[in-house]
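Each protein sequence line maps, in turn, to chains D and U. Heads up: the first sequence begins at 1 in the UniProt record's numbering, then just goes up one per residue. Heads up: the second sequence begins at 1 in the UniProt record's numbering, then just goes up one per residue.
Every clue listed holds true.
Put simply, identical chains are the same to the list, so a pair is met inside one copy or across any two.
No farther apart than 27 Å at their CA atoms in a straight line, the calculated lysine-lysine pairs in the BS3-like style are these:
#1 Lys95 x Lys152
#2 Lys208 x Lys97
#3 Lys95 x Lys45
#4 Lys133 x Lys45
Worth flagging that the hints you see were computed from the coordinates, not collected in a lab. All of these numbers come straight from a predicted model, not from anything done at the bench.
Number of protein chains: 2
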Amino acid sequence: MSFDVLQEKIRAMKNPTVAGLDARIEYVPEYIRQAAYEQYGVGLKGACEAIYQFNVGLMDALCDIVPAVKPQAAYYENLGWQGMEMLERTIRYAKSKGLFVIADIKRGDIGSTATAYAEGWLSGAGIEGQQFKSFDADCVTLNGYMGSDSIKPFLEAAKAEDKCAFVLVKTSNPGSGELQDVKTADGRTVYQVMGTLNESIAAGTEGKYGFTMAGAVTGATYPEQIRQLRADLPHTFFLVPGYGAQGGTAADVKYAFDAQGHGAIVNSSRGIMCAWKKTGGDGHDFAQAARNAAIAMRDDIAQFVTVE
Amino acid sequence: MSFDVLQEKIRAMKNPTVAGLDARIEYVPEYIRQAAYEQYGVGLKGACEAIYQFNVGLMDALCDIVPAVKPQAAYYENLGWQGMEMLERTIRYAKSKGLFVIADIKRGDIGSTATAYAEGWLSGAGIEGQQFKSFDADCVTLNGYMGSDSIKPFLEAAKAEDKCAFVLVKTSNPGSGELQDVKTADGRTVYQVMGTLNESIAAGTEGKYGFTMAGAVTGATYPEQIRQLRADLPHTFFLVPGYGAQGGTAADVKYAFDAQGHGAIVNSSRGIMCAWKKTGGDGHDFAQAARNAAIAMRDDIAQFVTVE
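Required output: the full structure, derived from the provided sequences and hints.
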C-alpha cells in the first residue's frame, strides 16, 4: 500500500534518489536540438522532439541506477499541448523501463475539480462509465493551501492502483519562509501546521513500511526543519528537493530518513541532466555523464544513509 | 496597466461577472455528446470534441453579456494532452470573441520553473531566441504557498502585454479554513498574511484604477472575510468564486467591490453552464439557457453593486 511500491524499488537499488526530468530546451545538447529542428522546425514541435530524445537517452542510462524519475510539469506545459503530449510519452517510456514516475505538478484545487486533476494524472478520466487514462503517473506532488478538500480526492483516485502523492510542506526555495515560516498563535509554524494536517488527512492509509499515501515535500536546503519534521511526522514519506545545484548536501538530507534508512527520496535535476556540460565535451556523452552523476549522488548519500 | 483591461471590459458591459468554463462531459447535452462520439468514438478525443462544441456554443451566447470566461484547467487536463489541445483552441476562440480569458490553473512553483509556467500560459516559450505562444491566456490563477518566488515570475511574464494574475488568499471551499484560518502569532490569520504579502509583492504595478497586477481569490462563501480583505488590500483586484451553486449570494459578494463598484469580478460556472438542466428540455436550449442565467446573474449583482 501507499509508498510501499517506491520503498521496495529504493531498497532493491539501495538508492533513495530520484532523477528530475526538467525538460528545458537549454539542457539538450546542440546536436540533438539541430536534428530535431531540421525535421520539425525551430518551434514548439521541434523543441518537444529534441527534449523527448534527450529524456529517452537519460532514462536508458539511468533506469538501472535510480528507482524513479520526476518530470516537472512546468517545462512541458511551457511548450503547450505539444509539450503535454510529449510528457505523456515520457511517462509511458519511463514506466516501460521500470521507473517509478513522480509527476511534479503541485496541483491544488477542490472537490470535483481536484477529482478531475486526480483522474487525469492517476486513475483516468471517466467518460460514459468507462475510464480513459492519459498522464497515468505513479505519484503526484500537491499544494494543500486549500485544505483537505484539495488532498483527499487524490488519495481516493490513488487507491485502486496503490499510487500516492507528496504535499508541499517546507519547500527548498529562498522565499519559502515568507508564508511557511510564519509563527502561529499556538507556537508552531505554518509549515508544521501543514505537515501535521497532511499526516492526519491520510491517517489509516499506512502501508507495510508505516507511511501513509500522502507524503510531504521537505527541502534539503533546510536540514534543521527536516530533522524536526521527521520526528513530528513518523508516518509521512518525504520528497527532498534541493540537493546539489540548490545547495543541499548529503549530510543535510540524511535527516529526512528514519533509522532504517526508509521514508525519503532525494531529488536531483540539473546535477544529473546537465552533467554533460561539465565534461568538456559537446554533449554526445550526455547519457554517460548523467549516469556517472547519478552513481556519484547515490554513493554520496550512501555515506550518510544505509537503506535496510 | 495590470487589471485595467479587465476593468474596462467590465465597465463597458456594466457586468462584473465571469463565466466559468468547467469542461465536464456530464455538463454537455446528450445530442452534442452523441454526435461527437459518432465521429470520434467514446473516449478522450470524442469527449474533447463534444466539450469544444459546447464551449463554443456557450461563448457565442455569452460574449455580449459577460466580459470574461474562466476555463478551469483541471477539466481539460482530465482528458490528457488532447484536453490541453482543446483548451488552447477554447482560449483562442474566446479571445476571437473579445472575451478576457482567466486560465484557472492555480499553479505555484519557483524560480525558473515558475517562469516556465508563466511563459506557457502568458508570454510564450523561449526557443532559440524566439517566443512561441501556446495557451496564451490574459490572466492566470496562482497558489502562493511557496512565497514571492512563485508569484514574481508571472508578473514579469505578464508585463509585456499587460496581463495579470490572481493569487489564492481565502478560498470558497468548506476546508479552506484548515490552513488559511489558522491564527498567527501576531493576531492575524494565514490568509491575511498571504493577502498582505501578495499586495506587497506587486506593489508599484498599479494601473489607472489603482490595482496591482496580482489580484486575489476571495470566496463568496465568506462575506465577512471579504469585507475585511477589501479594507486591508485597497490595491488588490478580487476574483470571487462561490456565487450560486456553492451558496454565495449577491448580497455576499458586494463586499468585494470598492465604492466605485470596481476591483472585483464574480464567477459562476455550474449556474451558467448547466442552466439548461433546469429548463425541462433535452439541452438543445443550452446556449439560450446559459445566456438567460448570465443576464439574471448580472441583474442580481446589479441590485447591490453599481459599476461606475
